[in-house]
Each structure stands twice: as structure tokens, then as C-alpha cells.
Amino acid sequence: MDFNHLEKEDITKDKEYDLRFSFLIDEDFLCEELKDPDSLKWYPPSTESDIKIFARNWAGYARYSSSLTAVYGKETIGMATLFLMPYVKVAHLAMMYMIVKKKYRNKGVGRSLVRNINHLAKTKFKLESLHVELFEGCPAEHVLQSEGYKKIITQENFVELEGKMKSRMIYEVDLQ
Amino acid sequence: MSKNIGTISIRTLVEADQYYLSQYLMDPSVLDFFPMCNMTEVGEALKIWLYYARKGQAYTIEVDHKPAGFAILYVNVFKKLAKQALFAIVVGDTYRGKGVGTKLLQHIIYEAKHTYGIVNLHLEMYEGNPAYSLYKRLGFKDYGAHEQFMREQLTEKKKKKIMMQMNL
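Chains R and Y, in that order, give the protein sequences.
Be aware that the first sequence starts at 4, since it is given in our numbering, and climbs by one per residue.
Be aware that the second sequence starts at -9, since it is given in our numbering, and climbs by one per residue.
It should be emphasised that the hints constitute simulated quantities derived from the structure, not laboratory data.
It is possible that part of the hints are untrue.
Claimed, not checked - Which chain Y residues stay away from chain R? Per the calculated CB distances, all over 12 angstroms, these:
#1 Glu5
#2 Gly46
#3 Glu52
#4 Lys69
#5 Asp83
#6 Ser123
#7 Gln143
Unchecked claim - So the derived label-pair ranges between C-beta atoms look like this:
#8 Y:Val4 - R:Pro89: 21 to 31 angstroms
#9 Y:Met16 - R:Lys18: 27 to 37 angstroms
#10 R:Thr157 - Y:Gln143: 38 to 48 angstroms
#11 Y:Gly(-4) - R:Lys129: 44 to 54 angstroms
#12 Y:Gln8 - R:Asn60: 23 to 33 angstroms
#13 R:Gly63 - Y:Tyr100: 54 to 64 angstroms
Ideal Cβ placement from N, Cα and C applies to all residues, glycine included.
Please build the complete structure, drawing on both the sequences and the hints.
Here it is as C-alpha cells:
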């Protein structure tokens, strides 16, 4: 399926747009973005203290250089991270998390992050596959699908969103 | 399968159980079906077990006052995920096939439902795990499989992760 029509504008060709390895301080960006209820609903935390725990854990992967941050000018606008596995027997795969600042969505940033994190996973970490967990209805689904991720698992009654139990979906991409 | 093997009791896991827990986790017949592969990795896993034990969410089943198996219930701290929980169990080699796993599993189901209000109790296990029939017997149903999830160390063969759940 072609989802390109959903992106009205592509800012990733602008010279102001760039990707860099994430820093620990990007935790602040995550905390700020996750405070927005429209963003927060697609991620595990619910409260401000949850957000801090979650963002610290996420940004902590900057230590392993397994995280990329998108910037536009001086503004941090997105992040994609490989949650590397702590055990050797499962070290050939990783879970990926991504976030794009609300006002920069549908402008090619998510696609750019997905493509580059896939590349980083394959070339630097020699990973064989990546997977992403999404809550039912998450708008990131179309970007993942268009970048080759396939839905492999649906678990019903996993997350409570707006008083209703919704599914968790696991998408995977084969990097080999 | 339940046999009269002695007095069975279940309590919260305590730090002093580390010896038996690490022994059981290091058993090659257990390691085949867990992602850890050596003492260092088992040590990391033990920290997680003890973290949940301190919250009262890990359990020890004893037979004649000796630890025979353990279970961990990963109750999520994030509110929106608080109605589902993943769990894992491990039973010592000499206690398998004697009803110990069944009792432990029944306890986990009870705790999940009545203590923590879990509505979706689920587990992840690797292909070939003999406990599959136990989970089936107690009502868990497959909801998915993640192919090629775990690579065996010696053969490099990849095993799928089988995911099962029960609606409480």
C-alpha cells in the first residue's frame, strides 16, 4: 500500500533537517512531548512520574549509540531508539520505539527516522529483525507498514485507553 | 498428574531463596527455554525477580519446607497497562511432573485475579518447552508466535517465542 499521500509536506529535504545520535539530555524532549495527552495515549506511561521513569529508560539507550534524534534547525523534533536486548540468545533482534513532535507529524520525519534506525540496526548492530509494539489505533502504523513492517501478533485486552480495553499489535521488519 | 510428594506451601519469594532460584535457572533443561545463557545473565535476571519479590509479586512454592519452584508476576506500574500481566515460572528438576507447577500456576492465577485485578494474564515461552501442555490444561490459549526469537547457543538454531494468554 502507498501511504505517501498522507504526508502533505516533506521537511526532511530541507537543509535545516538533520539526524544525530541521541544524547541523554534528550530525555527532556521525551518528557515534554509525552506531556501532550494526544502523544501520551500511544505510550505505556499515564502519569507525570510514569513519564519520567519511561523517558529516562528510553533516553538511556543513548549510552549505547542505539538511538537517533531528528532536529530541525535547533529544535529537537523526533527520536527513534533501538531497545537492545540484554541477553546473548536474543541479541539478534531489538524492539524499536519512535516519537515525532506533534507539529512535525506527516512531514516525512517518522519515515526518515524509521529508515535510518533500520539502517543503524542492520549495519552497526548487525540485527536481523526489529519489532515495534503499537496500541490499537496508533497513527504510526501506516509509516511502519510503508517501510516494510508487517503485523505479526495482535493481543486483545492489553491496554486501557479512554476506559476501553484495546489491543497491542506487534509489527516486525526483517533486516536480512 | 498430582502425586503425594509431601507438604506443599506457597509464600512470597524472599532474598534467601536466591540460592535455589539461581540453581533452578542455571539448570540446562531450564536454560534451554529461557533467554539467559550464563551465570552473569542469570544474575541480571535474579535482580528482576528480587525487585518483584520486594513488591510481593514473586512466589516460592515449597515441598516439605524446601523451595521446589518459583513464579514471578510482572504487574505493570503504568496504570493503563495494569489490567494485564506477564508471568513466568520455574520448577526444580526433581519436582517436575508431580503437580508442583500446577499448584504454582493456580496460585499465580488467583493472585493475578484477586490481588491485582488482572483481566489478561499472559506468558511467553519458547518452542519445545514441556510446560506448554500444563498451560493448555489450565486454560491458556495461544494468541501469537514470534518466529526466530531466540537463538540456541550451540546449534545456532532459532526458536520461536510462543505467546499464550488467559482471560480472567
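Checklist entry - Going through the earlier hints one by one, which of them does the structure break, listed in rising order? => result Going through the list in order, the structure violates hints 4, 7, 9, 10, 13 and respects the others.
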